[in-house]
Structure formats: C-alpha cells, structure tokens
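So you can see what is in the structure, the chains are spelled out below.
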Amino acid sequence: MSSMNEKHPKPTYWRSLAELDNDPKFQKMLENEFAEPLEGPDMAPGTPARRRFLQIMGASIALSGCRFKEDKLLAFSRRPEGVVPGESRQFATAVELNGVATGLLVTSYDGRPIKVTGNPLHPTSAGGASAFHQAAVLSVYDPDRSEGVTHLEGRARTASTRKKFEEFLVSERARWQANGSKFRVLASVSSSPSLASLRDRLLASFPGAKWVEYSAVETDNPEAGTALCFGKQHRAVYQLENARVVLSVHSDAAGATDPSGVIASRGLAQGRVPEGKPMSRVYAVESSLSLIGGIADHRLSMPACSAKAFLAALDAEVSKLLGEAGKGAQPVPSAKSLQAPATQKFIATLAKDLVANRGASVILAGNHLPAEAHAIAHRLNVLLDGVGKTVTYQELPLRERRSEALSGLLRDIAANAVETLVIIGENPVLTAPSDADFAGALSKVKTSIALTEFADETARLCTWHIPQAHALEAWGDGLAHDGTLTLSQPLIEPLHGGLSAIEFLALLVNDIKRDGLDIVRRTHAALLPSQKAWNKAVHDGLLPGSAPAPASVTLATLPAFALTESDLAEVGATNGKLELVLAADSKVYDGRFSNNAWLQELPEPLTKQTWGNAVWLSPATAKALGIGDGDLAKVSVSGKELTLPALYVPGQAEGSLRIPLGYGRHFAGHVGGHDDANVTPVGTNAYPLSTTATPFVLAGATIVRVDGRQEIATVQDLHAIDAIGQQGIDERRGLLLAETTLEKFEKEPDFAKHLVHHPPLESMWNDPVAYEGHKWGMAIDLNKCTGCSACITACQAENNIPVVGKDSVLMGREMLWLRVDRYFSGTPENPKLSFQPVPCQQCENAPCEQVCPVGATMHSHEGLNDMVYNRCIGTRYCSANCPYKVRRFNYLNFHLDKVEATPFQSVKDKKKLLMHMVFNPEVTVRARGVMEKCTFCVQRIQNVKIKAKNAKRAIADGEIKTACQETCPSQAISFGDLNDPTSAVAKDHALPRAYTILEELNNRPRVRYLARIRNPHPELG
Amino acid sequence: MKLFVFPRWANKTRQLAGVFLGVTPVYLTALIWYGASPKTTDVGYQPKQPVPYSHALHAGELGIDCRYCHNTVEQTGHAAIPPTETCMNCHKLVHPDSPKLLPIRESYATNTAVPWVKVHDLPDYAYFNHSAHVTRGIGCVSCHGRVDQMEEVFQQEPLSMGWCLDCHRAPENHLRPVSEVTNMSWKPPEDQATYGKRLRAENNIAPPEDCSTCHR
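Protein chains in written order, with my numbering: chain A, 118 to 1138; chain B, 14 to 229.
The following block holds chain B by itself, in its conformation from the complex (with noise of 0.2 Å):
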C-alpha cells in the first residue's frame, strides 16, 4: 500500500492557518461594524410609495410649508402624516382625474388609509418627538435632508445613536431661528457654530443626554 505523504505545499499551512486566523476576526468585525450599521443599512433607504407623490413638486417648486401637511409637528412627537382629506383639499381641483392619485381618491371614498411605506423608521424603544425639537430650532432639514429637493423620498442621515448624540452634545451646529425651522435653503448669517452658540444661549438650549431621554 502506498503511504499517503503530504504535499510540499501543506508546510504553508500553518503560517496560512494564521493569518487566516488573524484576519478572519478584524475582517469579519469590519464587514459587521460597517456593513450592519445605519450608515449601510439605512441611509438611502428609498421604499415605493403607492401615490408617486413629489415633495419636490409640493414642497419645492410649489414652495408649500411642511407644516401645511404635517401640522402636529410642533404640538407633538409625531410630525403626522396628513390625513387624505389634506390631499384633497387642493386636488379636487388640481388633476381631479389623474390616474396617479386613484389611491388618494379610493381613500377617500371609502374612508380607508393609503398604505404610506414609513422612511424613517426608528426603533421601537427609541422616543423621539419632533415637536421638542422643533420648538427650539432644529430644522426639519436637519434630519431630513433637502426633502424639497426628493422626487422620491430617502432617508439622508443614518438616525443612529451615535448620530443623535453628536448633536446633543453640540447643538449649536445646526441651531437656527424657530421661524426658519421649515426652511429648506436657510443659511447662517454668520458662521453656523457662532450664530448656534448664540442661539443657544439666548434660549437657553441644554439638550439632555440621558439615558431616559429616549429609551423608557
């Protein structure tokens, strides 16, 4: 019976073994940090809505306030979305039998809701509420992105912890008058993080970083 002898090239195993085993772990730590966070998973998220609505269209060209449509933004947590009665205000007479806006005109016919895919999505134990943002400044662009500028909305920002906590830990980077906080072009007078410092000092901004601040 002939012996089975290893081939020349088995010696290499086991300096290959470690550096397999030296790399594997960085490699894999890599693709998780990345490849699972927001910044991957999230950021772009585009889902299809079932109207092809525009809020390039409504929000930019037509110049309408946010707040028009998402009117509890500044009441309380969630900036709601409108109700279809809000749709119809204008379109029954703006493209009254536009094929695009059947599902706005089922809806409300028969009283039922349009099945909005949610963009943002936190996660259940995180609590956010637009309305204390708002109120002290914060843009709705901030978070959001140029949404004037979005045939199709996205998500833009990674709405990470970490992300939220930069800006709880130095607000006066995007502080700006309550007046301005649906305008999408505002621009500084000054530079941003002395004109933020101002602000914030003026209405006596303190952003909590506690724990309890989100999660209950």
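Bound conformation, chain A alone (with noise of 0.2 Å):
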C-alpha cells in the first residue's frame, strides 16, 4: 500500500476513499478490469452451467425446428376508438407520496404502462420525475403482489373473497353505525380531496370513530414550526428559483424523498447558470451529505443535534444586522458546538450574504428537525423579505400532531378501548418505532382490516387482508405541493383486482358511488361541472389555477425555546457522545419501495450503495473508534442494539451516525426479502432503534466493531483501469471534471478548453462519414446536476436494462447504461462533491468500432455509435478499447433466466408473463453473451424520425427527448441536432465553458459537459 501511494500521489480528486488510500480492495478492481474470478464457476448462484445451457438451446432448436414459433395475431374485436395498435399513448396521471401529488405522464403501449416521466403542466413536476416516479411501472408488475383477499381465521390464514368480506362487512357496519367509538382508521397521509370527503363521511357514519394520519419518515414539524412562529398551521411553498442565496439546514429538499424534490432541484438548477444572470450562492449546514449538500458552494458538517442552536445563532446574528435584535429566539446560550472560528465566521458570512440578498434569500430545514428549528427557519425567512418571493404560505386547517394520534391510538388499544382498526396503505408493524410495539397492538384488536398493495409485515397479521389497487391502475385525485388540483387515472384494470383507498372507504361507508371514477367527479362536481372540464382537467392532469392564494402571515414573537441539554451536546467520536441519524432512504423511502429491484440496484446517490444499507460514518470518527469501512458494527442506543456493516461517508459529521431506513424486511418480497420464500433480507431494518419520543435523532449512541464484515457492494470503483491507466486517471483528474470559480470563470470563460494542451489530433483513418443529415449531440450542464440519479431508473425503464443483483454488482457486473460518476475533492471530514453522469459518448472516431472483430458496433451516418447485438460475439474488445468505460456485458441471461422466456418457448407461467409486461417493446430484450451500451436513445430517434418523414416536414429542436434528459429534475441534459446552429444542444455546445473529456485521445466524443461552477463568498474562499 505504501508503495503505491509513493508511486501515486494522492489524487486532488477521488472517486472513493478506497481510491483516496488506495487500499487493496481498490487495487483488485485496478488489477482485474473485468471483474471476473480467473478460475471457478463464473456463473450466478442457481443458474445453470454453461455447458447445460449449451445442451439446452441445443435441444430446443432440434425440437422446434428452424423457425420461430407460430405467433397469434390478435386483434380488438372492437377497436377502442384513438387506439392505433403498436403506436404507445401518453396519459397524465399522478402519484401522491407523503400528502403530495406529482404529476406525471405515463406511456401506454397495447394497454400496458411501460415508461414513466414528468407532466410539463404539472407544478411539482414541470416535466422532470423522480426515480421513484421512475420505478413505479415496475411495482405495477411486482409478482409478489397480493392476488385476493385474504382472512385469518384462528391461526390460519385462508384465501378469501371480496364476496365473503362484503358479507362480513355488512353485519360489522351496522354495529359500527350504532357506535363507532372502537373504530379506528390508520391511513398515509393523504392530501386527495375524495378521500378526506370519504373521511368526513366515515367519521359521521360511525359516531365516536378516529382517524390517525400516519407516516413513517416524514413529521409534521414544519406545519407545527409555522403554528409556533405564525400562530396558525401552514404549508410553506418555496420559490427557489427566486434565491440567490439558498439555505439548506440538514435538508434534503431537492432528494427524492422530500414529496417535492423533483420541483425543488428545477428551482435550484434556474439559479446555478453563471451565464447573462446573477448565479445563486448555495450553503449547506449538515450531518450527512445531501443533493443540496452536494451542489452547495458552502457547506458545514454538524451534527443534527446541532440545528437548532445553529439556527438560534443564526437568527441572532441577522437579527442583529437587521435591527431586530432581542425578539428573534432567546436566550441564545453558546453553544460549544458553534464555537470554533470557522463556524463562528461561517455563520457571520452567512448572515451578511442574507441580509443583503433581503428579498432574495430563503432557509431551508429539515423535516426531521424539531419544530422550534422550523419557527426560526420561518421567522428567518419572514425577516429577510422572502416572503411572496422565494416562500409563500398557505393556511391550514388545524390538526392534531401526528405523533400525539399515533400514541393515542396505541394508548386506547392498550385500554381496549379499540376492536376494529382499518390501516391503509402503510406497513406500521415495520415502520412503527419498536417502544410502540406494533405487532403486540394489533393482537389486541378483535378486528384488524389492511389494504395494502403487499401481504406484508402488517397484512399479514391483520384478521383481514385486502390487495390495494396500484396508483397508476385507480382513479385519484391529490394537491401538488402549491395545493394545485391533480387528478390522476387508471393506466391499466387493477391486474389483480385491487381497490383504491377511495374505493375501500366508499365499501367501508357502504356510499352509493363505489366506483374510484364515480367518487372523484363526485368530488368536483361543483369545480368540474361539465363533461368538457372534466375530460380537459383528466386530459392535463391537473385544473390549473386552482392553488389556493397565498395567506399572508404575520410574526408572532417566538416562544423563549429552551436549548436543552441535547440540543447543545457536544457530539464527538473521542467524547463518546454519538448521534444517531435515522432517515428515509433515497431508494426504497420508508421500505415501501424495498421489493422494487430497479430501485433496490440504483447506486445510493451519495454512497453509491446498491442492494442494502449501512451504517453511515465519517472516516475520522470511523478510524478513532477502530472500525474498517465495510466491517460489521454494533450500534446501541437507549438498550436498544443493531449489527450491521459500517460505511465510510466522506463529510458526515464527526460522531453522526447515520442509517437508511426501509431495509431489512422479512415479508417484502422475493426481491426485499422474504422469510417464507426463503429469501433473505436486503439491508437491516433500523426501525427498532427508533423511539416515539425522538424518532429520527437520537442522542446517546456508541458504535463498537464486531467480528465479522460485509461486502457493501459500491458501484463507484468498478470500471476503474489498471495501475497504468490509474496513474493516467489521476493525472485526468482535473481534467475530466472541469470547474472553477465564478470569479475566475468571469475572467475565463473558456478555460475548461485550456485544461488540456495537446499536439493538434490527427486521425489513423479517414473520417468515414460526412453527418450531413443530422448529427446528434448531447450537452449535460455539470453545474445543474445533483446527481440524484432519476436519469439511471429512467434509462433502464426505457432500455429494458436488466437487474443483476448484488452478488453480480460486486463482482462488477452491473448493466446500468448510464453511469453517474461521484468526485470528491478537499478533505474526507469536509470535501466537495461534484457529480458527472457517464452516459456512451458516441465518439465520432470511436475506439470501440475500431476493435470490434466482427463489426457489431458500428458508426451510423448520423454519428451514433450503433450496437448490433446479434452480431457480437462477446469478445468485450470494445470495452477494453473504451476509455470511458461505457460498455456493459450481459454475463448471464439476466433477463431470460427470470422470465423463463427462450425464442423458442412460450411462456406458461402467470407470474412471469407479468413480469414480461414492462419490458419496453421498441426496445432489443437483450440475451447473455452481448455487449450493450447507451444508444441516446435511438428508437427514440428513429420513431420521430419516421413521424417527420411522414408528414413531410422537419424535426423540431426538443423534439426527440432522451429518456434521461427528459427526467431530470433540474433539465441538466439537452440533446438534439447540432448540425442546427439553433437547437439547444449545439448552443450548449458553443458555451465557453463546455468541454469534452479525454479530447487529447481524439475520439472526438458527442457529449459536451459544461463546467462546474461554484460561487463561493469571498471572505469565506
């Protein structure tokens, strides 16, 4: 290890802290570019070898013969007006998630939903869509669904009939009806008018009966903050595009668990273009690295315990600069955690920047901050003029505290007090803090019912268990986060005749409308009275102008709050005083989406974790507890004890602990884990260690190592070269992640064009082509990304790009075509991180054609890099050849081995037909044995292409939108013709500051990144 780091310097940018200490994990990846063990089976667990394999195709064509299976040509017997077989349709939906609906348009091929993206109308979408959004087609199919209704009779649980519960449900409601004071409704929070209009009508049907809103990742800290500082409940709506300087306290508001990240990253990214207008600054206080965190020109590591001293200093401070001294949060202690200099100075720039952005300025804090943290946030934003600018409020109604229903709920079933509870749609037997003692609750209760997508953890023990419909098989409706009218429909027939919460409620109640459709025009009789709004509000998804109008808000004085003793511990590895950071995960939420397994291979944004969790430390806490990256860990807090393996996370706060939640399920699924299939849990379920009284920040843990470790499979050091091409990585480094100051970038704009000095580029061979027709480029704006990888599940959705699963990813087999590479740079305590999405760079003198010996990947006259998957071989020459490492080979029938599917057989088996469902038909299903890699998207092309052909006219810019660009949340990606001088991409070419990286190899690559910009304040450098 020594040697190596003489023979390399330590890299001013790294990939990884492998990389950064070049440890000798690192250095097998280097050594062995392929992954692959030399000797041994070089199969998955469970498949066959390949011999058999070989043995079996051989079989199967001397059965068969030489031609394909006879196919059935079935057509509509009536065909469905508008319908034009084999031509894919776009319907506006919506998806809620935590009380906020985002729009969405959904592709209908032959009647299947197949591809997600944003709806451009919607407000909390604007056309860009979260991986979750992404990956929601595939929950559609989820095998693992539930298929009926079940019933637990006894001990034994038995299929049952939607017959059979309606029978049973109209002897119960009568009872209910006399007296509901023992019924109780668990529901996700929900912002869909239909369903609180079904809520008002339960609870008037059933006198005495409540209703508890329940989430398990998200609080209601920020309505309560507002209640502190206003004196009334309200929703903020941020305006980010609006601030020139942003705050983000512990805040993952551009993620995608935050409901509107998706509109908060397109508010951000307006402000990050240093070109013609003033670009916004961006400072990060937090515990672990976020999006915000990530793009932040500033950004301070504190523990979360922290904030809301910080915030009181904070408020302080622009108090006192404002003039206002005295009446903002008081007394403010010192806090000895704000003590050093740095913070003390971060913390003075901070407020100066504020305050002479008045007007333009906006604090951002995080959900799992208490609720005296967001009243300074508010009070902070309401002092420096944001309000009507950059946040607005509208009121609510007043509600109880979540956290106070949900303890209320226990208490009375404690009491007996409760026979008959009804949870829809939530999972809290996992997700429930293990003081509340889910499970041993719901014994109690003579009649539990559960409507729930999964037989899941809580299904499972409820005496009844009925399939919820997915979001895109029902009728719906919900607010967008601006309060925004959405209303959502059916992409398919509930596959497995599930019922929507809507529909359920209306059984329930016995409503004369029982359908999802009849109920939500029911709704909106009033704001949608004729057929003609109706279908234009069903039509857009949305009835614009129906946000409700900003309410104006007044400071009330703030509440002297207490700094406790916990929000001014001192968090430290050497003190032995550790927080500890529950959180939802960016990948499966609260575990919702854990059997979802395009989710569950989506490299973690930040960690670049796949298939589980960890527990998440900075290296510096790490080594002074004596714990390796990767080793297995015990952290305890109040008795309470979980194991699992300890990852290295650059910047997270020295003595925070931090830990995904929604891991480790043992009734997910066949892809989560599930203990009756045998199938072992993915990640570890940190729900036990969370409390009621303090459910996400917990003081007093400690961490010590076990024995044992746990390969964590990371994605961000495969595709690494070897000790050569290292030592030219490193040397590239800087070169190919091309950033600066906007100072510097102002005195030179073009610099990223001068990083590299190299001979004039002369080709071995002629250029083969002229690109007279078109010629496509694709520009990705460095300074806009956040690297939240929606762009990844959206390439896969579109691209058929199959699941490998987490043995194949640490061996380095991952298919994701689309790479989003993760730069560190500065220090591990405190780095800067700069995010560089990979995708092919379809090079105009590509060195993968030039090796290729059957010519399976050809140049098109369009200047697309075109794979032929029957051709190849499989020699991977290309990928050897690729210095972008872009290529990605099928070792194993990925694919086909799940579905069961060969050429030459049909497939019997139900379960796997609806797993055939999703796959994308304009695109190849790919085989084992072939190199595949980014196409932009060619039948993408191809299809528009063919349209303007058609109607004899010209494709207009924007037209074709590649499946990652037209996700993204913050539109870091343009694409289109560059041989038209007025098209997007080409004047995104023509920026000072784009660059193509490895120019000196002459591959001439087709993809521009425009250069990171970072806008530091001056006095902080």
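Any given hint could turn out to be false.
FRET-style restraints, in silico, Cβ to Cβ [to be verified]: (1) B/W176 x A/A997: 27 to 37 Å; (2) B/P112 x A/D635: 35 to 45 Å; (3) A/L191 x B/I45: 32 to 42 Å; (4) A/D188 x B/P112: 20 to 30 Å; (5) B/P171 x A/K649: 46 to 56 Å; (6) B/V191 x A/E1076: 18 to 28 Å; (7) A/D793 x B/T123: 34 to 44 Å; (8) B/V191 x A/G890: 14 to 24 Å; (9) B/Y138 x A/E1076: 20 to 30 Å; (10) A/D188 x B/P202: 35 to 45 Å.
Just so you know, these hints were derived from the structure itself, not from any lab. Don't be surprised by glycine CBs; every beta carbon is placed ideally from N, CA and C.
Taking the hints as your guide, dock the two standalone chains into a single complex.
Have a look at this one:
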C-alpha cells in the first residue's frame, strides 16, 4: 500500500475513500478490469452451467425446427376510438407521496403502462420525475403483489373473496353505525379531496370513530413550526428559482425522499446558470451529505442535534444586522459545538450574505428537525423579506400532531378501547417505533383490516387483507405541493382486482358511489361541472389555477426556546457521545419500495451503495473507534442494538451516525426479502432503534466493531482500469471534471478548453462519414446536475436494462448504461462533491468500433455508435478499448433466466408473464453474451424521424428527448441536432465552458459537459 | 489363434476419409446455407387461418383497397390486422349466416379476438415500420406479392436482411407514385429503373443503411 502511495501522489479529486487511500480492495478492482474470477465458476448462484445451457439450447433448436414459434395476431374485436395497435400513447396521471401529488405522464403501449415521465404542466413536476416515479411501472407488475382477499381464521390465513368480505361488512357496519367509538383508521398522509370527503363521511356515519394520519419517515414539524411562528398552521411553498442565497439546514429538499424534491431541484438549478444572470449561492449545514450539500458552494458538517442551536445563533446574527435584536429565539446560549472559529466565521458571513440578499434568500430546514428549528427558519424567511418572493404560505386547518395521534391510538388499543382497526396503505408493524410495539397492539384488536399492495409485515397479521390497487391502476386525486388540484387516471385495470383507498372507504361506509371514477367526479362536481371541463382536467392531469391564494402571515413573538442539553450536546467521536440519525432512504423510502429491483440496484446517489444499507460514519470517527470500512458494527442506543456493516462516508459530521430506514424486511417479497420464500432480507432494519419520543435523531448512541465483515456492493470503484490507467486517471482527474469559481470563470470563460494541452489531433483513419443530415449530440450541465440518479432509473425503464443482483454487482457486472460518477475533492471531513453523469459518448472517432472483430458496433451516418446485438460474439474488446468505460456485458441471461423465456418456448407461468409486461417493445431484450451500451435512445430518434418524414416536415428542436433528459428534475441534459445551430444542444456545445472529456485521445465525443462553476463567498474563500 | 487381417478394400480408407473430410464441410455448409436460409424456411410459409378468408376474393375480385382493413398502415409501424368490427361492417348483411364466418360472429358477439396466424413474421430485433415505406412509394406488392391473387396468404419474399438491403441500396427498382402503393397490378409508365430514379430524386428518397435503422 505504501509503495503504491509513493508511486501515485494522493489525487486532488477522488471517487471513493478506497481510492484515496489506495486500499487493497481497490487495487484488486484495478487489476481485474472485468472483475471476473480467473478460476472457478463464473455463474451466478442457481443458474445452469454454461455447458448445460448449450445443451438446452441445442435441444430446443432440434425440437422446434428452424422457424420461430407460430405467432398469433390477436386483433381487437372492436377497436376503441383513438387506439392504434402498436402505437404508444401518453396519459396524464399522478402519484402521491406523503400528501403531495406529483403529476406524471405515463406511456401506455397496447394498454400496458411501460414508462413514466413528468407532466410538464404540473407544478410539482414541471416535466421532471424522480427515481421513485420512474420505478413505479415495475411495481405495477411486481409478481409478489397480493392477488386476492385473505382472511385470518383462528391462526390460519385462508384465501377469501371480496364477496365474503362484503358479507362480513354488512353485519359489522350496523354495529359501527350504532357506535363507532371503537373504530379506528390508520391511513397514509394524503391530500386527496376525495379521500378527505370519504373520511368525513366515515367519521359522520360511525359516530365516535377516529382517523389517524400516519407517516413512517416524515414528521409534521414544518407545519408545527409555522404554528409557533405565525400562530396558525401553514404550509410553506418554496420558489427556489427566485433565490439568490439558499441555506439548507439538514434539508434534503432536492432529494427523492422529499415529496416536492423534483420541483425544488428545478428551482435550484435555475439559479445555477453562470451565464447572463447572477448565479445563486448555496450554503448547506448538515450531518450527512445530501443532494443540496452536493451542489452547495459552502458546506458545513454539523451534527443534527446542533441544528436548533445553529439556527438560533444565525437568528441572533441576522436580527442584529437587521436591528431586530432581542425579538428572536432567545436566550441564545453559546453552544460549544458552534464555537470553532471557522463555524463562527461561517455564521457571520452567512448572516451578512442573507441580509445583503434580502428578498432573494431562503432557508430550508430538514423535515426531521424539531418544530422550534422550523419556527426559527420560518421567522428568518419572514425577516429576510422572502415571503411572496422565495416562499409563500398557505393556511392549513388545525390538526392533531401526527405523533400524538399515533400515541393516542396505541393508548386506546392498550385500554381495550379499539375493536376495529383499518390500515390503509401503511406498514406500521415494520415502521412504527419499537417502543410502540405495533404488532403486539394489533393482536389486541379484534378485527383488523389492511388495505395494502403486499401481504407485508402488517397485512399478514391483520384479520383481513384486501389487495390495494397501485396508483397507476386507479382513479384518484390529490394536491400538488402548491395546492393545485391534481387528477389521476388508471393506466390499466387493477391486475389483481385491487381497490384504491377511496373505493375501499366507499365500500366501508356503503356509499352509493363505489367506483373510483364516480367518487372523484362527485368530489369535484362543483369545480368541474361539465363533461368538457372534466375531460380537459383529466387530459391535463390537473386543474390550472386551483392552488389556494397565498396567505399573509404575521410574525408572532417566538416563545423562548430552551435549548436543551441534547441541543447543546457536544457530539464527537472521542468523547463517546455519538448521535444517530435515522432517515428515509433515497431508494426504498420508508421500505415501501423495497421489493422494487430497479430501486434496489440503483446506486445510492451519495454512497453509491446498491442492495442494502449500512451505518454511515465519517472516516475520522471510524478510525478513532477502530472500525474499518465494511466491518460489521454494533450500534446501540437507549438499550437497543443493531448490527450492520459500517460505511465510510466523507462529509459525515464527526460523531454523527446515519442509518437509512426501510431495509431488512422479512415480508417484502422475492426482491426485498421474504421469510416464507427463503429470501434473505436486503440490508438491515433500523426501525427498532427508533423511539416514539425521538424517532429520527437519537442522542447517546454508541458504536463498536464486532467480528466479521459484510461486502457492501458499491459501484463507484467499478470500471476502474489498471495501474497505468489509474496513473492516467490521477493525472487527468481535474481534466475530466472541469470546475472553477465564478470569479475565475468570468475572467476566463473558456478555461475548460485550456485544461488539456495536446498536439494537433490527427486520426489514423479517414473520416468515414460527413454527417450531412442529422448530427446527434448531448450536453450535460455539471452545474445543474444534483446527482439524484433519476436518469439512471429512467434509462433502465426505457431500455430494458436488466437487474443483476447484489452478487453480480459485487463481481462488477452491473448493467446500468448510465453511471453518475461521484468525485470528492478537499478533505474527507468536509469534502466538496461533484457529479458527472457518463453515458456513451458516441465518439465520432470511436475506439470501440475500431477493435470489434465482427462489426457489431458500427458508426451510423448521424454519428451514433450503433450496437448490433445479433452480431456480437462477446469478445469484449470494445469495452477494453473504451476509455470512458461505458460498455456493459451480459454475463448471464439476466432477463431471460428471470422470466424463463427463450426464443423457442412460450411462457406459461402467469407470474412470469406479468414480468414480461414491463418491457419496452421498442427496444431489443438482450440475451447472454452480448455487449450493450447507451444508444442515445435510438428508438426515440427513429420514431420521431419516421413521424416527421411521413408528415414531410423537419424535426423540431426538443422533439426528440432521451429518457435521461426527459426525466432530469434539474434539466441538466440537452439533446438534439448539432447541425442545427439554433438547437439547444448546439448552443450548449458552443458555450465557452463546454468541454469534452479525454479530448486529447481524439475520440471526438458527441457529449459535451458544461463545466461546474462554484460561487463561493469572497470572505469564506 | 487366427490373426485378424484387414481386407484389401481397407487400403482405400485413407483416400475415402480424405474425400469425406473434404466434402463433408462443404456439404454441411451448403446444406445450412441453403437449408436454413429464409428463402428455404420462410418463403411459401402458408399457415392455416381460423377463417378461410380469401384475399383473392376481397382484394382481387371485389377490389377492396388494402387500407380499408389495414387502415393504420400509413400512420404507424404496424399495418394492423383489422378488428372484427371491420368484417362485420359488410358481413352483417353479406352472408350473415355462413358457417365459415362463425368464428367472426363469435368474436364479435363475445368481444374476443380471432386467433389469426401471423404470416410475415420478422424477428423481434428487427423494427420494420410500414408507414415509413408506404408514404415514400413502396407498394404493398413489393414485399407481400400479389396478395390479391392469394386464396390463403403465404409469404412470397424471404424478408431477410440481405433482401431488405437490396432495396435500401437501390430503391429505384421498387419506387412508385404514393397514390399507387396499394395498386397490385400497377405497371411503371416507362422502364422501372429510370422512372424510379426520377421519383427518388423528386421525393428526396435516401433510405438509410445504418444498423440502428432497423435494430435498436
């Protein structure tokens, strides 16, 4: 290790700690590019050996003859109006997460939803969509979803029917109507007006019944903070595009876990354009890296428990500057954690910057922070004149705090005051804090009814389990983040006869309207009286202008917050006082997506971990405690323990631990883990550490190393090349990723073009193509990219990219065509983060094409590197010769093994057929032994070209969108025809800060990056 | 014990083996080349259809335009098989009780599909688009043959990649006015090659030969 270090000086930019320290694991990655074991089986467990495979294939051919199997053409008996067989159509719908509905456009192919993208008309989406949204289509076809009503009789769970359940309701309903005081509903947080009206009907017809809103990972602290600050509950709606100074305090507002993360990313990105208008400055104070922390110009690592003290100190500083001293959150004791000179300077400079940009500054506080912290943030937003500019407030009806409602429910159950509990769309047995003992509580309830998509931890304990329809299978409504009425329509009939929440409630209360469509229409009869108005709203997916007007707010004098001991705690690795932050995961959220293989395989944007979670800790903390990266560690807090692998995460605050929630599920399914199917849970369940009092930020944690290690399937070090290559990477790192400060950029706008000096570039070959027609190109703005990775899942959905599983990821066989490289610079304690999405660069002088012995990768006349799967014999020379490492090889029949399809056999198994339905028929499903890579979504290019030619018109700029570009929440990607100088991509390519990577190799890539420009405060440097 | 002596003819084994080794690979190559080529395996493929629908009668004798039934051919990739409804447009009145049309009436009554068997079956990795061809002036007959003379449809052309490329490289051999694409008996007013070249220039027809034109 030391000798390697001598050979290669420590790089300025590093992709992972393993690389920074040059540890042996990384060395192994370097030496073995294709990550293949040199000896022994090269198969994934449970798959037939290669010879056996050939035998089977041979036999199939012999039996079936040379023709493909006979195909049937099953035409409609009556073709519905507007349907053209084989032509995809898009429908507007919406998916709700935690009370915010995001409008989506879903592509339907012959009646099957196969692809999701954002609805450009919708205020929460503006055309973008997160990885959660992208992966929704896979969940629709999840073969593990419940297929029918089940009933627990005695101890045995038996299959039942909807009819039997309805009969059961008939007898029960009369009792509830007579006295509903022992009737409780626990339901997801929802903004659906139809659900609200049915809730009111239920509460009215079952007198005494109670409704508990439940969210496993989101608190209602932001709203409670507004109540402290303004006297009434409000919802804050941020307009980040108007902000010139953004401060994020432990906020993950741009992440997928934030229900309005898509529009927040868009707003943030709009301020990050260094050309023309003034660029925004982003500050982040946080315990763990977040997406906002990634794009921040200044970032301060700070434990979550210090947030309140930090905000109070900032409030004091800002108040002082504004002459409002003494009216803020006081008294302000000097928390020791804030006394470092650097922190003091940070606060002082930040306060000055905020005040200097009054009316254009905004403060975002993390959802898990206490209500008082939110109150200070809201107060500052008002003081800084942000109301109406960077934030607006909408008044909300007064509601019981969620945590109190849950405690109340549990108290009632313990006092035998609950006979019937209805659970809608939630999994509290998994997600409720362990001291709540929800499973125990459930056993005391005589009748429990769960409406859930899966027979999950909760549903399997309930006396009745009714399958829930997926959001893409049901009519519904909801409100956007700004309150705009959003409508959702089904893309497909419920595959397993599921009911949506509103249909289920209508059944419970014996409503005269039972059908989702009728219920939603009834709710909005006043707003959308005519069929025409209704059709338009369904078509658009929303009713424009239906957002409530902003309320005017007046600051109440904040009560004096006592900063408790825990707020002032000095968290540190050395003093043994650690804090633990439990947070929603950016891939499985609260665990509800843990059976979604696309999300499980998606590299976590910051840690690049796939298939599982780990306890995040800073390298300094870990080293002080003697814990190695990947070592098993035992985390203890308030008497509870959990053993899971430790993961070094640069930028993690010292003494602060973080565990993503939602993993370690025992009854998720064949992907996320299922005890009955002998599928080991993916990751470790951290909910048992959470308590009702402090669900997400826990003080007094300890962590110790225990024997053993667990491999963490991270992808950042994959596709590294050998030692000489590594030396090359080290030298070029700063050239791959061009970044500078705004000040330097303004002096030298084309700095990125001068990073590399090379002799005149001459090719050995004559240019084969003149590119007279179209010339496709892409530009990726590194200044806008937040690294959120929605593009990766969009690409996976569009291009039928297989999921390989944890074992194969560990072997380096991940298949994702688009990778988002993560670079750190600076120190591991407080690193700067940069992301660089790397698709195939579609080189004009492509190294891959020159080495393919069978012509399986060919240059098209429009400059695409076409990949011809049928010609590929799997030499992998192209991948070896690709300097960008964007080619992926099918080591196994990843798709076909899973769905048991061969070209010669029809699939009979219903569940396997279900898994076929998600495939995009416009893209070939690749088999074992062929190379594949990003195609610039050539299927989309071809389809638009044909459409335009048929109509004898030119292709408009922006008409062809690649899947990654289309979904990008921050619109960092542009794509189009470089031969058209007015196209967005041509303009981006012509920008001074546009550059290509590895230009000196004369590959002439068609992807240009726009250099990252940071905007540091002059005083903070 | 009697020694075993090879018979005299065994001396020829070496020569025979030489001939065998020389001929066999050639024979096998030729066998597979021709035997497994689309010309052999696919041309003439004529599966039995659930309903004895006669294109010769409908398209030929009655002169119904191809697009009356295959009405999506100009807008989209598929020249879709018509819905049962299209059959019933006429057959409600024409031969309403014919036993041959029983599957059609059943399909119409029960709202289920008639299980037609696919004749022209391209591999799943080849993406052919009808609209791109008929709107440029490639007639139906160029690929499907004289369907108007077929009692039961069979495959006339090999539909192999080489066959596709022959036309993409020299489309003038098949181009006709767009108005005549469904005319099965259309004859060029002059020599096809000259006429095709003129049409090609007029309509700016440049068929791409890139791999990604058909394979995605």
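key: In rising order, the numbers of the hints this structure does not comply with   = Per hint list: zero violations.
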